[in-house]
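J.: For reference, the chains in residue letters:
There are 2 protein chains.
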Amino acid sequence: MSLLIVGSVALDSVETKAGSVTDALGGSALYFSWAASLLNPAQVVGVVGDDYPMAALDEVAARGVDISGIEQKAGESFRWAGRYSDDFTDRETLDTRLGVFAEFNPTIPASFTDAKYVFLGNIHPALQLNVLDQIENPFLVVCDTMNFWIDGERETLLELLGRIDVLMVNDSEAIQLSGESNVYRAANWILDKGPRTAVIKQGAYGAFLVDDGKVFYAPALPLEEVVDPTGAGDSFAGGFMAHVARSNDLSHETLRQAMVYGATMGAFAVERFSVERFGEISTRDVEERVQKFADLVRFEIETAG
Amino acid sequence: MSLLIVGSVALDSVETKAGSVTDALGGSALYFSWAASLLNPAQVVGVVGDDYPMAALDEVAARGVDISGIEQKAGESFRWAGRYSDDFTDRETLDTRLGVFAEFNPTIPASFTDAKYVFLGNIHPALQLNVLDQIENPFLVVCDTMNFWIDGERETLLELLGRIDVLMVNDSEAIQLSGESNVYRAANWILDKGPRTAVIKQGAYGAFLVDDGKVFYAPALPLEEVVDPTGAGDSFAGGFMAHVARSNDLSHETLRQAMVYGATMGAFAVERFSVERFGEISTRDVEERVQKFADLVRFEIETAG
Numbered sequence: 133m134s135l136l137i138v139g140s141v142a143l144d145s146v147e148t149k150a151g152s153v154t155d156a157l158g159g160s161a162l163y164f165s166w167a168a169s170l171l172n173p174a175q176v177v178g179v180v181g182d183d184y185p186m187a188a189l190d191e192v193a194a195r196g197v198d199i200s201g202i203e204q205k206a207g208e209s210f211r212w213a214g215r216y217s218d219d220f221t222d223r224e225t226l227d228t229r230l231g232v233f234a235e236f237n238p239t240i241p242a243s244f245t246d247a248k249y250v251f252l253g254n255i256h257p258a259l260q261l262n263v264l265d266q267i268e269n270p271f272l273v274v275c276d277t278m279n280f281w282i283d284g285e286r287e288t289l290l291e292l293l294g295r296i297d298v299l300m301v302n303d304s305e306a307i308q309l310s311g312e313s314n315v316y317r318a319a320n321w322i323l324d325k326g327p328r329t330a331v332i333k334q335g336a337y338g339a340f341l342v343d344d345g346k347v348f349y350a351p352a353l354p355l356e357e358v359v360d361p362t363g364a365g366d367s368f369a370g371g372f373m374a375h376v377a378r379s380n381d382l383s384h385e386t387l388r389q390a391m392v393y394g395a396t397m398g399a400f401a402v403e404r405f406s407v408e409r410f411g412e413i414s415t416r417d418v419e420e421r422v423q424k425f426a427d428l429v430r431f432e433i434e435t436a437g
Numbered sequence: 133m134s135l136l137i138v139g140s141v142a143l144d145s146v147e148t149k150a151g152s153v154t155d156a157l158g159g160s161a162l163y164f165s166w167a168a169s170l171l172n173p174a175q176v177v178g179v180v181g182d183d184y185p186m187a188a189l190d191e192v193a194a195r196g197v198d199i200s201g202i203e204q205k206a207g208e209s210f211r212w213a214g215r216y217s218d219d220f221t222d223r224e225t226l227d228t229r230l231g232v233f234a235e236f237n238p239t240i241p242a243s244f245t246d247a248k249y250v251f252l253g254n255i256h257p258a259l260q261l262n263v264l265d266q267i268e269n270p271f272l273v274v275c276d277t278m279n280f281w282i283d284g285e286r287e288t289l290l291e292l293l294g295r296i297d298v299l300m301v302n303d304s305e306a307i308q309l310s311g312e313s314n315v316y317r318a319a320n321w322i323l324d325k326g327p328r329t330a331v332i333k334q335g336a337y338g339a340f341l342v343d344d345g346k347v348f349y350a351p352a353l354p355l356e357e358v359v360d361p362t363g364a365g366d367s368f369a370g371g372f373m374a375h376v377a378r379s380n381d382l383s384h385e386t387l388r389q390a391m392v393y394g395a396t397m398g399a400f401a402v403e404r405f406s407v408e409r410f411g412e413i414s415t416r417d418v419e420e421r422v423q424k425f426a427d428l429v430r431f432e433i434e435t436a437g
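Order-wise, the sequence lines are chains A and B.
Residues in the first sequence are numbered from 133 upward in steps of one, following my numbering.
Residues in the second sequence are numbered from 133 upward in steps of one, following my numbering.
Just so you know, these hints were derived from the structure itself, not from any lab.
Careful, some of the hints might be misleading.
[To be verified] Distance windows between CB atoms, simulated:
no., chain 1, residue 1, chain 2, residue 2, range
1, B, Asp344, A, Asp222, 46 to 52 Å
2, B, Asp344, A, Asp183, 17 to 23 Å
3, A, Leu290, B, Gly294, 32 to 38 Å
4, B, Ala242, A, Asp417, 19 to 25 Å
5, B, Gly151, A, Phe280, 18 to 24 Å
6, B, Gly345, A, Ile413, 19 to 25 Å
7, A, Asn320, B, Asp344, 22 to 28 Å
8, B, Thr225, A, Gly196, 26 to 32 Å
9, B, Asp219, A, Ser217, 42 to 48 Å
10, B, Ser217, A, Ser217, 19 to 25 Å
Beta carbons are placed, not taken as given, at the ideal position from N, Cα and C, and that holds for glycine.
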């Protein structure tokens, strides 16, 4: 089923203890669509500058990602540079140049407006609302945001919450948005504002889903080596949404499965710089890793109850 | 099957945003044995001062905890005072008075030396070795430690690692001990030093087991209200060991179950100050909560593989 992502397409320069890359493919839309493509084709709406290495997008296009909604404009592409601490618990932003992304006001191509599964990547909430107005009849709208908008565009964000199905944010963002000091209370606060479901990501620990009055926790897969955590959350979102889209089912059980596919894609993402890992793996690798995830949390207890 | 804990018996004064208590029952041995008693009787070896409210131990004794190994000595009881931040991510120690605990050199009563399941609470590793010398033929020895001993008694601690079955520590302690910057590498480092199994606790996020070449992750149960996190780790240990002792089985599958009982006891512990919660609940409450845990991580995926 059709899956649309609207978000950033960037060039990232990243330093970690494993090495460094310069102007590597990045941005929420690219991580999301690469991860999604292993399960379900995705359509991307984004913007790049005239300095963008368009040929580098061929590989993701070959995987079934429709990149015709990536507009190339005169000017510089969005660039981000950062450095991670050796244990990956901190990261320092060295440089952010928004370039043409600063004026990004997405127009959804006519061929994408019938998308049934929609992910609103982290952009101004007014633009996220504007995207929603252009989609005809979506089955599921999932939305990301960040501290900058929570702080500066709170009212618009609250309006947006009334129109989306799932808010997917980091625990610190949920805490900031809600004013609660507990992540589960923060999730319930979010549900009171409109969404049927909250997904709260907890970095290297995992992520949880609150849906249908139940909580599902997906721990992060154990990794002995992390190369670059950039894009893990967007890859999680791509795996989550692509599984829902290919299942074309919004049941609680499907959302639990989607969390597992999300966690699996997040684990793949961090094993290489940029989106490199997704170019190396197949759908079969994903399904095999999902089985490893199953073993991570499996146990049998018979109780008298 | 017989279960022995050697550790601290203390009086804790704790402040959290939920309130405060003064000279409340605390210490690793008390949290451990209270939690354990809901599944399997426990024997406690510890020391208190002549100021200790011995009558307060009657309730835990009534639950089947053998407190005859708690020696009362002339002097002050071990007291700890601390204050937690509102989100429970930080705690400040306001006062520590070791009292008679400073000279604690455990003598295991003759009636306890045949204990089959032994938990060595956090005391000087030389004393932990000394306890081990007094136990005749234990089936499983699980050991805790802390940053102070990792820093100051490293060689003794390494000797101890060669004689125990399970090291159960916090992630920061595993990182400090191993010198690794990744918790899964730290766990494998620990296994290289002797133990067959490592249990790494990650506070409010959960805990993982590395055993038999496999990793099992037990997320913390979702809690919307935390009253006092003190003793959560010791309660986890009590639930873990008591399940293994009552099963009298050291298989990997039993250890997975034990992690779930540990996580369940940790969740109960933090819902009240001190050991209060364990006085309110029954074994049936524990089993019901284990079912909630099962629902927290349950999902069904059929894959082509």
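J.: Does each hint fit the structure? Answer for all of them.
T.: Outcome of the hint check:
no.	hint	verdict
1	B:Asp344 with A:Asp222: 46 to 52 Å	violated (34 Å)
2	B:Asp344 with A:Asp183: 17 to 23 Å	violated (53 Å)
3	A:Leu290 with B:Gly294: 32 to 38 Å	violated (59 Å)
4	B:Ala242 with A:Asp417: 19 to 25 Å	violated (59 Å)
5	B:Gly151 with A:Phe280: 18 to 24 Å	violated (36 Å)
6	B:Gly345 with A:Ile413: 19 to 25 Å	holds (23 Å)
7	A:Asn320 with B:Asp344: 22 to 28 Å	violated (38 Å)
8	B:Thr225 with A:Gly196: 26 to 32 Å	violated (57 Å)
9	B:Asp219 with A:Ser217: 42 to 48 Å	violated (22 Å)
10	B:Ser217 with A:Ser217: 19 to 25 Å	holds (22 Å)
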